[in-house]
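Number of protein chains: 2
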Amino acid sequence: MTSTLTVSLDAMGGDGGPDMVIPGVEEALQRHPGVRFLLFGDEVRIAPLLDAHPRARAACEIRHCEVAVAMHDKPSQALRHGRRVSSMWRAIEAVRDGEAAAVVSAGNTGALMAMSKFVLDTMPGISRPAIAAVWPTLRGDSVVLDVGATIGADAEQLVDFAIMGEAMARCRFGIERPTVGLLNIGVEEVKGIEQVKEAGRLLRASKLPIEYVGFVEGDDIGKGKVDVVVTEGFTGNIALKTAEGTARQLTTYLRQAMERSLITRIGFFLARSAFKVLKEKMDPRSRNGGAFLGLNGIVVKSHGGTDALGFASAIDVAIEMATSGLIAKIGADLAAKRALEAFQPAASAAAPNP
Amino acid sequence: MTSTLTVSLDAMGGDGGPDMVIPGVEEALQRHPGVRFLLFGDEVRIAPLLDAHPRARAACEIRHCEVAVAMHDKPSQALRHGRRVSSMWRAIEAVRDGEAAAVVSAGNTGALMAMSKFVLDTMPGISRPAIAAVWPTLRGDSVVLDVGATIGADAEQLVDFAIMGEAMARCRFGIERPTVGLLNIGVEEVKGIEQVKEAGRLLRASKLPIEYVGFVEGDDIGKGKVDVVVTEGFTGNIALKTAEGTARQLTTYLRQAMERSLITRIGFFLARSAFKVLKEKMDPRSRNGGAFLGLNGIVVKSHGGTDALGFASAIDVAIEMATSGLIAKIGADLAAKRALEAFQPAASAAAPNP
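Keeping their order, the protein sequence lines are chains A and B.
Whatever position you read off the first sequence (first residue = 1), add 5 for the working numbering.
Whatever position you read off the second sequence (first residue = 1), add 5 for the working numbering.
To be clear, the hints were calculated from the coordinates, so they are not data collected in a lab.
Here the structure is a predicted model, which is why all the values come from computation and not from measurement.
Treat the hints with care, since some could be wrong.
For chains that are exact copies, the list does not tell them apart, and a pair is met inside one copy or across any two.
As the list claims (entries may be wrong) - Pairs of lysine-lysine residues, derived as PhoX-like cross-links and limited to a Cα-Cα distance of at most 25 Å, are as follows:
1) Lys202 <-> Lys79
2) Lys281 <-> Lys228
3) Lys281 <-> Lys342
4) Lys79 <-> Lys286
5) Lys202 <-> Lys342
6) Lys212 <-> Lys79
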């Protein structure tokens, strides 16, 4: 972590707004003492919170904004009312203008994506950015994308997601050759939707240095079968939320089961250190922070309903992405793909491999 | 349960084949002592197993078949090799011919669906049957469909799934007016894919007595927000398997956490009755058995990798469907839908409601 890194924050985003963002900054500063923050939002609300958080106050600069994007605005409404003036827009602009290395917002996802595309623009060859989530698995963490930015990606877009997710896995997990799988409903090559099958053919035929292992199924995500799981945003979002729901359901079952009798309560008390480990492992806050991939700049989306601890995790993601040079790596990989395509204009999965 | 109910079984299906099916019958007979079974498969393998399971032997009749559909045959291959002669085909035929009230197979899903459509035909107005799963939730069980039979259902098909799933929830859970939701990636009406939005409009505008409550998200399934969750088969299959994977992952975490120290092991030992309850609650075998809906007959698909306990659960599903008159109810509901459409040929979600 360099001591001059600056992160811009949309202080008005999320259910908690500044009440969650400023304690989140305080928390993040414990791990990243040298980082500076630009806080975009309502000065009247932010200033007293900074007074109560001296560490954050020393690291933050307030940029007053009159307008905040509402959590349920449509992207088009947010652009109409919030363009140039909202805390979200201006926090993203700070990245475009080089004032900040990354932006974090817990605001409205659709608005954040629309404004990010507008302000930062997509990378050459990318029509729609993806949201990548870090998914805890039995083998360590995996990257899963897209978890909700795009609906119904075509084969070319799925290949782009594979390239971007692979770069992210290299940067975040320090793996040299992350394995990549396409989410499908059967491992046999015959199954699944057309665009997934076509993406599989393209990845197999590709000369790119991607460790594509084939199709994976829903239960392979939690097993950690691959480092990068590629899918389009509708399915990815439903898979992510279904997993979150299942985790919450089992936690509830466990709590109920433990309260059955005095003996089970005593057992629970004795085993409480184990439950603490389990709770930490399952804490969605520690994995908070979806990375928008495919933009000319780093944008991290925090869950809207998270707390300070969760928001600090999203700040972690932004700092990691900035210091690992992820954007440059993705840019280089996408350029390599285009170069290969230009070199082999007729290359396709259908062409025989001599 | 009537004493004359007969269920036909594809004894060769699943990873275990007869070694799993016959103990499964033995298990099911403990709950349904009056039911009779037709076992289609290799007599040489089945007969000695029946000798070892006297209760099953008394309730079963073997129908020898030379051919078994392989687990990884494509549906077209299965139809080519297994038509008329395979254990799967003939077990389905027993339903068509009125010899059995339902068929259960742990075999190849695609082949079972293809053969079922061929032999039993789909109900009037249904182009593609769906697979309905029973999903345990915090509020009781819900029906989720389709979990893998169809890919990319259109709005009309999603409405048919809603009608069929609703009838199943009424029959299986004894609820008078089950609530129905469409799986989507946001509860706001603006989000989601076109066919899901259109299905939502159709269900809202429909005069059918369906308690449609709107969109639900992935994490709402485990909460039990609605009794029936409707989605197309690609997303539904991935959601189901992701939930299974997450449940397995958390069980593993829990076991690992409990083995951390002597104290946690003692705690675990004291709380073992609670873990037993939890384990039973999470046991996927107790929910085994996907119902094929939309056919002129009852077909239940068991997981291929299940054991005798799981196969017995699938038999339970078949018996419940047969005794509750589900097929007749679905037929009546679909006829009501067609009658409404005929009565209001111009009716559509776009038409103003006077």
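Going down the list of hints, with the structure as the test:
Proximity of Lys202 and Lys79 under a CA criterion of 25 Å is satisfied inter-copy only: 16 Å between copies versus 33 Å inside one chain copy. With identical chains, the CA atoms of Lys281 and Lys228 are at most 25 Å apart both within one copy (22 Å) and between copies (23 Å). Within a single copy, Lys281 and Lys342 get their C-alpha atoms no closer than 45 Å, and across copies no closer than 53 Å, so neither meets the 25 Å cut-off. Taking the shortest alpha-carbon separations for Lys79 and Lys286, neither the intra-copy value of 35 Å nor the inter-copy value of 40 Å comes in at or below 25 Å.
Taking identical chains as interchangeable, the C-alpha atoms of Lys202 and Lys342 lie at most 25 Å apart only when both belong to the same chain, with a minimum of 19 Å there against 36 Å between chains. Neither within a single protomer nor between protomers do Lys212 and Lys79 lie at most 25 Å apart by alpha-carbon distance, with minima of 41 Å and 30 Å respectively.
Going down the numbered hints, you'll see the structure goes against 3, 4, 6, while the others check out.
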